[in-house]
Structures are given as structure tokens and as C-alpha cells.
Amino acid sequence: MERVILHSDLNNFYASVECLYNPKLKGKPVAVCGRVEERHGIVLAKNTLAKKCGVKTGEAIWQARLKCPDLVIVPPNFDRYLKFSKLAREIYCDYTDQVESFGLDECWLDVTGSLLLFGSGEKIAQTIRKRIKAELGITVSIGVSFNKIFAKLGSDLKKPDAVTVITQENFKQKVWPLPVEDLLYVGPSTCKKLRSIGIFTIGDLAKTDVKLLGEYFGKNGVMLWSFANGQDQSRVSNIEATHTIKSIGNSMTMPRDLVCDEDVKVALYVLCDSVAARLREYNFYCTTVQISLRDNDLYWYERQGKLNFPTCSSTEILSRAFELYKANHKNNKPLRSVGVRACGLVSADTTQLSMSPDFVNMEKWQKIEGVVDKLRYRFGHHSIMRGILFADRNLSGANPKDEHIIHPVSFFNGF
Amino acid sequence: MANKIFVDVVVKYDAEGNIIPLSILWEDGRIFEIDKVVDVRPAPSLKAGGQGIRFTCRIQNKYRYLFFEEPRWFVEGS
Ligand SMILES: [Mg+2]
Numbered sequence: 169m170e171r172v173i174l175h176s177d178l179n180n181f182y183a184s185v186e187c188l189y190n191p192k193l194k195g196k197p198v199a200v201c202g203r204v205e206e207r208h209g210i211v212l213a214k215n216t217l218a219k220k221c222g223v224k225t226g227e228a229i230w231q232a233r234l235k236c237p238d239l240v241i242v243p244p245n246f247d248r249y250l251k252f253s254k255l256a257r258e259i260y261c262d263y264t265d266q267v268e269s270f271g272l273d274e275c276w277l278d279v280t281g282s283l284l285l286f287g288s289g290e291k292i293a294q295t296i297r298k299r300i301k302a303e304l305g306i307t308v309s310i311g312v313s314f315n316k317i318f319a320k321l322g323s324d325l326k327k328p329d330a331v332t333v334i335t336q337e338n339f340k341q342k343v344w345p346l347p348v349e350d351l352l353y354v355g356p357s358t359c360k361k362l363r364s365i366g367i368f369t370i371g372d373l374a375k376t377d378v379k380l381l382g383e384y385f386g387k388n389g390v391m392l393w394s395f396a397n398g399q400d401q402s403r404v405s406n407i408e409a410t411h412t413i414k415s416i417g418n419s420m421t422m423p424r425d426l427v428c429d430e431d432v433k434v435a436l437y438v439l440c441d442s443v444a445a446r447l448r449e450y451n452f453y454c455t456t457v458q459i460s461l462r463d464n465d466l467y468w469y470e471r472q473g474k475l476n477f478p479t480c481s482s483t484e485i486l487s488r489a490f491e492l493y494k495a496n497h498k499n500n501k502p503l504r505s506v507g508v509r510a511c512g513l514v515s516a517d518t519t520q521l522s523m524s525p526d527f528v529n530m531e532k533w534q535k536i537e538g539v540v541d542k543l544r545y546r547f548g549h550h551s552i553m554r555g556i557l558f559a560d561r562n563l564s565g566a567n568p569k570d571e572h573i574i575h576p577v578s579f580f581n582g583f
Numbered sequence: 015m016a017n018k019i020f021v022d023v024v025v026k027y028d029a030e031g032n033i034i035p036l037s038i039l040w041e042d043g044r045i046f047e048i049d050k051v052v053d054v055r056p057a058p059s060l061k062a063g064g065q066g067i068r069f070t071c072r073i074q075n076k077y078r079y080l081f082f083e084e085p086r087w088f089v090e091g092s
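Protein sequences, first through last, are from chains A and B. Per the numbering used here, the first sequence starts with residue 169, numbered consecutively. Per the numbering used here, the second sequence starts with residue 15, numbered consecutively.
Just chain B, with the same shape it has in the complex (with noise of 0.2 Å):
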């Protein structure tokens, strides 16, 4: 689906074994530092079909999710 995106992510495992993404490399080559992940749960991504860990991201002062579908990460695209 077009508005469902694989990417590449840079993820810290920390020593309690949680994951915490730091960075999203775009398909065109750029890199999204992940300022702050504000939230963690379960959920659907009802825009982009799929279910998984939805992490919500600041980058770069916007507001983004991002889904770990085992064993792949996705971002909802437009």
C-alpha cells in the first residue's frame, strides 16, 4: 500500500530491553533524528493498514507515529 512505508530505523535496546528509536532513515536517503518519543502503546494504524508497537515521535518539532510491526517499522504516509 502506498500510504504504508518501511524504513530503516536506528533502534537502542536499553538494558531493561526496551526499544527506543533514534533515528529514521528516509528511502531517499535522508535522516530523521527522533527528538523524543512521547508515547508507547499497542494500536492499529487504521490510515496505513497494519497493527503493532506505535511509538509517537517529535522530529523535528512535528508529531509522528511509528509502527513496529514484528519484524518490520513502517510510517504512515500522506
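Next comes chain A alone, as it looks inside the complex (with noise of 0.2 Å):
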């Protein structure tokens, strides 16, 4: 039977958040750029008028300044991209169980299974688009394809705010005119090859004899010419979107510096408590724990260490992370600083559970954090505190939780 696939894809993801926070932005040109005392002086995503100047994902903001000397730079707000990617997920979700996420901005969904109930693919595609244009006020391109190839060449057709089939009647016209790099896995290198050997259109790549490919290019040019044919069989799997983050973290600098295990507990506790937080709220487990310790000489190191099994209990990434200190802190020098990083991480959902003692014990302490969770979204964030935090109310005075850092994958747009 043939499939039904969408490929949805959020306009100008990280301006458009941007400039839906700040109407003052309407109508300049905007690039949201990695923070410079960072080292990331770049540009991360920028809006259609930006893009109009001929400012470039990834170049460095001088360079965007050149061509377009009105830019307004905006740092990122990874938090409302998070958000707005999970409520992306939400809509597409009362649609299909099977959505794979490309980045944060990207989905593919199969919705072969809900034709009966929703009406045929370009239907449900329009009533997405739609809705995400009203409920979220950012807009998608979606491309409705036999295949994933097809639907994600499909999105990048017609934008913003915009629907486009490709069906087995028309690819042919549609698709085979598109140039070669148009089709996805061919980067740079293989669009150059390709074209050394006269291939510039997705129709030269389908025409071109398969076993000519093969010996040029292996297995991937076989895999490339089955794309450009209609051919792709790869199924939609159930990726999470929060899987292109790849860590969450915190660390402080302490109004003093600590000098005894107990201060170094309190400190860890705090940052613990936060990490795991921001991973329920994300829904998610680590599978390592990371520290980053700095001297009052400021020397500086991390270290990390496994898990015995995947947790969001603050409890679990504390005896670890404190673990980490002890075994690593042998000159016990005063700290200025301490970093917590959860990585590793898995999705909540899909993590296999143990019957272990260790296991249903974390699964304990994981439900009462998430009560603590409610009561200070509800109440405040000091209005639950640790025992231990009144050791040293100066170290444990701050909140971290809101100056999160959260990493995803490639600040770029994958391929």
C-alpha cells in the first residue's frame, strides 16, 4: 500500500520565535547569533529579510554586517525553541503516533493510518499548517510525499506558510528538474562528484545507470539513485525531537569558596536539583553525570562517569556527581566554581525498565522530585528546600534553574 508522509518543517525556526517575542522586530531584517563572548560569534538562523541581503547561516556577524548593516543580532533563547518545537510535536501528534523529528524545526510524520479519520494527506497537512499558524503564530512549509525523500524536498518547494504534494504522477515533473544537491545526502562534496560526472538535475541522477553509480559511488549511490526514482523506503521512526539536545547543565560561581565536603554537597545539591528538573521537564533520563570543577587558582577540569541506569532523580546524579569530586579532588583546594552536566540523555518514554532494588528505589525518589517540581511551579522555587541547603544559605540562596544551558546538537540546520 502506498504511504502517506509529511514533512513539516518550521519557517525560519529560531528568527520567527524571535521575532514573535518581539514585535518591535517586524519588518528588519534579524539574525539570532551565538553569543560572542562565547566564542560563537555567529550567525544561527536568520529571517526572510536578513536572508533577502544575502546574510548566511553559520558566517560570523562582521561578515553578516557587511552585506546588511541594519542586522539586528538577538541572542537565542534555546528555551523557547524547545517549547515551540514540543508544541509543534503536540499538533502533529493528534494526528499520528508516528513522528520523527528532524532537529527541532523538522518532522516527519506517516499518516498512512489516519486517512480514514482525517482525510487524505494534503487535508491533514492543511489543517497543520493551519493550526500552527494560529495557535503557535510561527508558520511551516509541509511537503506531502509517497516517501520521505519526496515529502522533505516537498517543504523546501513552496515557503513560508505553505502546502506542497509530490505524488507518483507528477515527481517526475516536479522533482527530477531540481538540481542534484536539492535531494537530501547530497552535500557538497558528492553534488561536486556528481556533477563531474554530468549529473546536475535529479532527473540526470534517476536516468543514469545504477550499476555506473555503484561503482562510482558504493552503496550511497545506489541508496541516491533509488531517492531520485521514487524509491526511498525508509520508514518513519518514533524520534524525539529532545533527542537533538545533548545535554543539560548548570554550574555557578559560589559567593565563597568552599572549603569542606559539606559546602561542595550543598553547592552540588543545588545544581542537582536543577539539572534534574529541567530533565523531567524535558522529559528525560541522563545516563551520565559530568562535573566541572574550578580552584581559587582557577585551575579547571571536568570529569565524568556512567550511570548505573538511566535517571532524572536529583538524588541519583548527586551521589554521583559527589562520587566524581571525591575521587577527583584529592588536593582539596578551595572551589570558586562547580558545574553539573547531565548527558547521555534518552527520551523518558522509551527507557527500558528494571525490576533492580537500586531501580524501583531512583523510581521513588524520581516521584517525590517531581512533586517538589509542582509544589515550586506552583509556589516558588524556595518554597521546598533540602535539609542540607540550611547548612549555608549564602551557597544555596540561588535558583539556578533559570540560567540554564541546554546543548543541542548542531546549532545548524542538519543538512
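No lab work stands behind these hints: they were computed from the structure. Values in this document were obtained by computation on a predicted structure and should not be read as measured data. From the three backbone atoms N, C-alpha and C, an ideal C-beta is built for every residue, glycine too. It is possible that part of the hints are untrue.
Stated by the list, open to error - Computed spacing ranges between beta-carbons, pair by pair: (1) B:D49 / A:P237: 49 to 59 Å; (2) A:K340 / B:Y27: 52 to 62 Å; (3) B:D49 / A:K254: 27 to 37 Å; (4) A:K542 / B:S37: 18 to 28 Å; (5) B:L36 / A:K224: 24 to 34 Å; (6) A:P237 / B:S92: 26 to 36 Å.
What the hints assert, rightly or not - Partner residues are not named here, just some residues of chain B that face chain A (Cβ under 8 Å, in silico): (7) K26; (8) G31; (9) I34; (10) G64.
As the list claims (entries may be wrong) - Residues on chain A that point at chain B, a partial pick, calculated with CB under 10 Å: (11) V185; (12) P191; (13) G195; (14) L250; (15) F252; (16) R257; (17) K301.
Put the complex together from the two separate chains, hints included.
Given below as C-alpha cells:
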């Protein structure tokens, strides 16, 4: 049976979200740029007006300013992008449970099983397009096709706020004239090689002898040939958007140096609590804990260690973090700042359950901490505190969660 | 932003878990009772800049949007 696949792409995602939050940016060229002081003084995303001036993702801010002197530079707010990514995904999930994320702003949806319920693929795509605009205030372009590759291609053909349908009947007219680099997985070097043997369009690729492609490019050549001919069979897997987040971490410079184990424990507690709360917020478990320590000579180092099982429990993260500290901080120098990072993130929904007593105990803690999250949400961060934190309110008084740092796999748009 | 006005809101959580705003406490101390919530939906605020659950409220015979942008509430200024 022919599948019906949608590829939905949030247009100029980061820039659109920033413009939504700041109506004064309307009508101005805008670029979202990584923070200069953190070395990422580069363009992460831009809006349509900036694009028209030739501003490119990945270039330095000064280069962008040369092309577009009026360019408004705004810093990224990953929390907002995560929120919008999640909201978009929730809308997709109203139409199918087969949703595969590709970065924060793109998803494939297999709606084959939903056609009786909601109408044709095109109809579902139009509904989603309208809902995203009405409920989120940003736009999507959606490609509808019988495989993932053409659906993705379709979402690029007309944007913003548009739907493109590519069928068995029309793909030769719609897809084949396009440049070969428009095909997913044809990167710059493959493109160059293809051109060198006279393949410029997707149609050229489709009509080339597959044996020849196999000789030139191996398995990849055969794969690309089948893509060009609409024979991609890959399934829409259920991968959470949140997989694009690599780690959740937090660090603090202390109001005074940490001079004993107890001090360090208080600081780690505050950090672990906040990291764990954020893990739960984004529905993650972590499998690895990393600590970073800076002593009063400003010597800095990081250590990491695996956990016995994935967790979002602050207590588990804390005990591993404290072990790492004890095992590595042998000189006992006073510490100026500490950091905790949860790495090796996995989706909480797909994590295997274990029956070991440790695991059961951990689950219990997670439940308790979930209740703490809710209390804090309703009554404020300091409404409920760990007893140990009263040892020194100077060290524990901070509410670090709001200053969280989240690291996506890539600042760029995947391919 | 000047026209994104965060406000204190008195809210009822009903037994089904619905959130019903009852009154808005203005920054100058005035209290506005919400006579009726006529519409609830997720929506952006293009005017104030934001996105959340939008409550269309009848207050003193005028209709006004009240947004719940977790964890805060805001209204659109003029
Ligand atoms: Mg996009």
C-alpha cells in the first residue's frame, strides 16, 4: 500500500520565534547569533529580510553586518525553541503517533493510518499548517508525498506557510528538474563528484545507469539513485525532537570558596536539583554525569562517570557527582565554581524498566521530586528546600534553574 | 516590552483540572473581576509578543485577552 508521509518544516524557526516575542522586530532584518563572548559569534538563523540581504547561517556577525548594515542581532533563547518545538510536535501527534524529528524544527509524519479519520494527506497538511499559524504564531511549510525523501523535498519547494504535494504521477515534472543537491544526503562533495560525471539535476541522477553509480559511489550511489526514482522505503521512526539536545547542565560561581565536603555537597545539591528538574521538564533521563570544578587558582577540569541506569532523579545524579568529586579532587583546594551536567540523554518514554531494588528506589525518588517540581511551580522555588541547604543559605540561596544552558547537537539546520 | 503586562491573577483549578481565571489584580491595586471566560485556546499574542493559553474574558462588558504563558499571566497593553 502506498504510504502518505508529511514533512513539516518550521520556517526560519529561531528567527520566527524571536520575532514573535519581540513585535518591534517586525519589518527588520533579524539574525539570531550565538553569544560573541562564548566564541560563537556567528549567525545561527535569520529571517526572510536578512536572507534577502545575503546573510548566511554560519557566517560571522561582522561578515553579516557588511552585507546588511541594519541587521538586528538577537541572542538565542533555546528554551523558547524547545517550547515551540514541543508544541508543534503535540499538534502533529493529534494526527498520528508516528512522528520523527529531524532537528528542532523539522518532523516527518506517517499519516497513512489516519486517512480515514482525517482525510487525505494534503488535507491533514493544510489543517496542520493552519493550526501552527493560529496556535503558535509562526509558520510551517509542509511537503506531502509517498516517501520521506520527496516529502522533505516538497517542504522546501514552497515556503513559508505552504503545502506542496508530490505524487507518483507528478514527481517527474516536479522533482526531476531540481538541482541534484536539493536531494537529502547530497552534500557539497557528492554534488561536485556528480557534476563531474555530468549529473546536474535529480532527473539526471534518476536516469543514470545504477551500476555506474554503484561503481563510482558504492552503496551511497545506489541509495541516491533510488531516492531520485522515488523508491525510498525508509520508515518514519518515533524519534523525539528532544534527542537533538545533547546535555543539560548548570554551573555556578560561588559567593564564597567551597572549603569542605559539606560545602561542595550543598552546591552540588542545588545544581543537581535544577538539572534534574530540567530533565523532567523535557522528559529525559541521563546516563552520564559530568562535573566541572574550578579551584581558587582558577585551575579548571571536568570529570564524567556513567550511571548504573538512566535517571532523572536529583538524588542519583548528586550521589554520582559527589563520587566524582571525591575521586578526583584529591588536593582539597578551595573551589571557586562548580558545574554539573547531565549527558547521554535518552527519552523517558522509551527507557527500559528494570526491577532491581536500586531502580525501584530511584523511581520512588523521582516521584517525590516530581511533586517538588509541582510545588515549586505553584508556590515558588524556595517554597520547599532540602534540609542540607540550610547549612549555608549563601551557598544554597541561588535559583539556578532559570539560568540553564542547553546544548543542541548542532546549531545548524542538520543538512 | 511595554505592551506585555504581566499581572497577578486569581485562578480556580476545578476538579477536572481546568484552569479558570477569576480576577485580575492590576499593578495600581485595582481588581478586575472576570464575568465570563468565553473562549480558551492556545494562541500567540502578536501584539505583546508571546504565546500561551489565551483566555477571552468578559470584563465590565468588554472583551479582553488574558494569556497564560507558563508560569506567568499577561495581558496586552494598548
Ligand atoms: Mg526550518
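Hint-by-hint comparison with the structure:
1. B:D49 / A:P237: 49 to 59 Å: The hinted range 49 to 59 Å holds for D49 of chain B and P237 of chain A, with Cβ atoms some 51 Å apart.
2. A:K340 / B:Y27: 52 to 62 Å: Given range 52 to 62 Å: holds, Cβ gap about 57 Å.
3. B:D49 / A:K254: 27 to 37 Å: Given range 27 to 37 Å: holds, Cβ gap about 33 Å.
4. A:K542 / B:S37: 18 to 28 Å: Holds - the Cβ-Cβ distance for K542 of chain A and S37 of chain B, about 24 Å, lies within 18 to 28 Å.
5. B:L36 / A:K224: 24 to 34 Å: violated (51 Å)
6. A:P237 / B:S92: 26 to 36 Å: holds (33 Å)
7. K26: violated (14 Å)
8. G31: violated (12 Å)
9. I34: violated (16 Å)
10. G64: holds (6 Å)
11. V185: Hint holds; V185 of chain A Cβ to chain B Cβ min 9 Å, cut 10 Å.
12. P191: holds (5 Å)
13. G195: violated (13 Å)
14. L250: violated (13 Å)
15. F252: holds (7 Å)
16. R257: violated (13 Å)
17. K301: Holds, because the Cβ-Cβ distance from K301 of chain A to chain B comes to roughly 9 Å (cut-off 10 Å).
The earlier numbered hints that this structure contradicts are 5, 7, 8, 9, 13, 14, 16.
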